[in-house]
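Enquirer: Sequence:
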Amino acid sequence: MEASDDELVGVADELVEPPNGVINELLNVGQEDNMQGEVEEFLGPQAEYNEEEEEKKYYRRKRLGVIKNVLAASVGAMIVYSVYMGLLQMQLILHYDMTYREVKYSNLGLEDIDRKMLMGINVTPIIGLLYTPVLIRFLGTKWMMFLASGIYALFVSTNYWERYYTLVPSAVAIGVAIVPFWASLGNYITRMAQQYYEYVNYKEEHVQEQKKLPKGACHRYIIIFQSVFNIIFHLSFVFAQFPMLFVLNYYLNDNQHILFNVKSCGANISGLIPGFNTTVLTNLPRSMLLIQVESVLMGFAFLAMIIFLVLCGAAYRPTEEIDLRSIGWGNIFQLPFKHLRDYRLRLLCPFFIYSGFEVLFAVSGFSLSYGVCILGLDKLWLLILVYGLSCSIFSSLCLGLLRLPRWVCLMGGAAVHAVLLVVLLCFSLCPHPDKSPQYLSPLLVIIALWGLGTALNKTGVSILLGMLYAEEKERLDFVYTIYHWWQAIAIFIVYLWSNLPMRAKLSILLATLLLACYCYWVMERRLASKMPFRLPRIPRPRHKVKGYRYLEEDNSDESDSESEEDDEEDGEQVAEEMGAEGGEEGGRDAEVQGADSPGARRRGAEGQRRRQDRAHLMEG
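To convert, count from 1 in the sequence shown and add 20; that's this note's numbering.
Quick caveat, the hints were computed from the structure, so don't treat them as lab data.
A couple of the hints might just be wrong.
Said to hold, decoys possible - The list that follows gives simulated cross-link-like pairs (lysine-lysine, DSS-like), each with its CA atoms no further than 30 Å apart:
#	residue 1	residue 2
1	K235	K162
2	K162	K358
3	K283	K88
4	K455	K283
5	K283	K77
6	K77	K235
7	K550	K232
Required output: the full structure, derived from the provided sequences and hints.
Expert: Okay, here's the thing in structure tokens:
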């Protein structure tokens, strides 16, 4: 009996005094509950976090990135052409001097090399329409600009060692790169305007679903961005004169020596400057000085490459880049030619040609046959500098298209140039070194007004193309390729007519200008009467489907230019293919219906899964 009492007392003691392990376990449970509450509080919605405000900040950064891209592309293009035109101008003047050729490269024939080099630069772009869209779609818009700037840097580097096998191939490479470079720039600036609109209106349904933009939605941004680009780019004419202003002008002969055999200037002459002296240098520049100048230019060429590489963002999303390439290289090759069916592009071709004519005439025709012939070679830098400043400043006038009709820029520039061409047809005189300073002011006024017309013309054409095809992002590279290809044709024609009489050149310019104005008026009249234009159908992207990568509902580059009839035909064709394949697979399943092997069951399941995938793809 006592033993049983002792056992009961022991059991009671055990119940009253629990072991330490049980107490620790209870404490751990409490700590885990506290930790779980802290984690839920940390991962839960924060009181200070405002999702709408963060979204605004995100798209504000995106918009700043687009502005950075536009400025970077503009500055990069300006640096590239400053280096290119400055080096080419200095090179042609040095190689023109007979003493320089005989002393430095007596057995090389630099004059013949210069002719072949200019031929490579001016003739090669004729075939640019054949390869430009393929290059842009293969490399991408940003990488095409980077590669083209590298080719211009290659041209600068070849001047360290002036030989036939360095200068001529690099000039041909520049001719190959001209049309892709400019088509990429035009495409890039217009795409930035489209992206800026998307980042401003990111809450709109058509933006979130990546559908076609409403008509005229991004015209405002196209006008602003194209104007900013031309304001910055035209400064390249200014910076291109620095090598001549700070280096070459100190080695030039006086005007009485250079213009001694020149008998007439202006509209009465044939060629550039008949009787121009072949010795224009008093003494030869030191080789080390020329190497230093070329090294500085080379440094700026590399700077432009870095700007394109680092500061310029992509023009398209990765899926859009894939879709642009996936329509087939044969289609990409054909589509620029098919876009010429559009009457808008056909009627703008005279303006494309004239824009190539007038820039080259200002830089070579007027500056040499009027400016240098009357004022002397030492004033060449001043004429082109005033022209570049005028183009840059007056490009800002195109911002007025935010309030004015779009024809104001083109017609205003055409009116200015028409008046100046008539004046130049009547302007001719005999050079007198003593009286030449009194002609400086009139010539500077003429070149400044010509810059006004150039600014309105170049900026107006770029803005017009962007406005006409603003909603067709998959066509921009084709459109700008056609534009700059016609400019290249015009540059080739100017290269061919260099020996024509000046009055014939001016007459061709005036006739082309009048034809361009008439064709533009016809185009605007057709658009006002809502005459339908013909756009080639861009094929759907055909991806090699691996897994479920492209089995999604939205096509990232779906073009609304494809008519509903084409969509219905595609749907019927896919349905027929599905029906045929379904019938074949049904036959196969019927053949093996009685088989109980695992392989037969697996094949049947795979066939059913494929049919379901095709059905989902068709619905998407």
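Enquirer: If any of the earlier hints don't hold here, list their numbers in rising order.
Expert: 3 and 5
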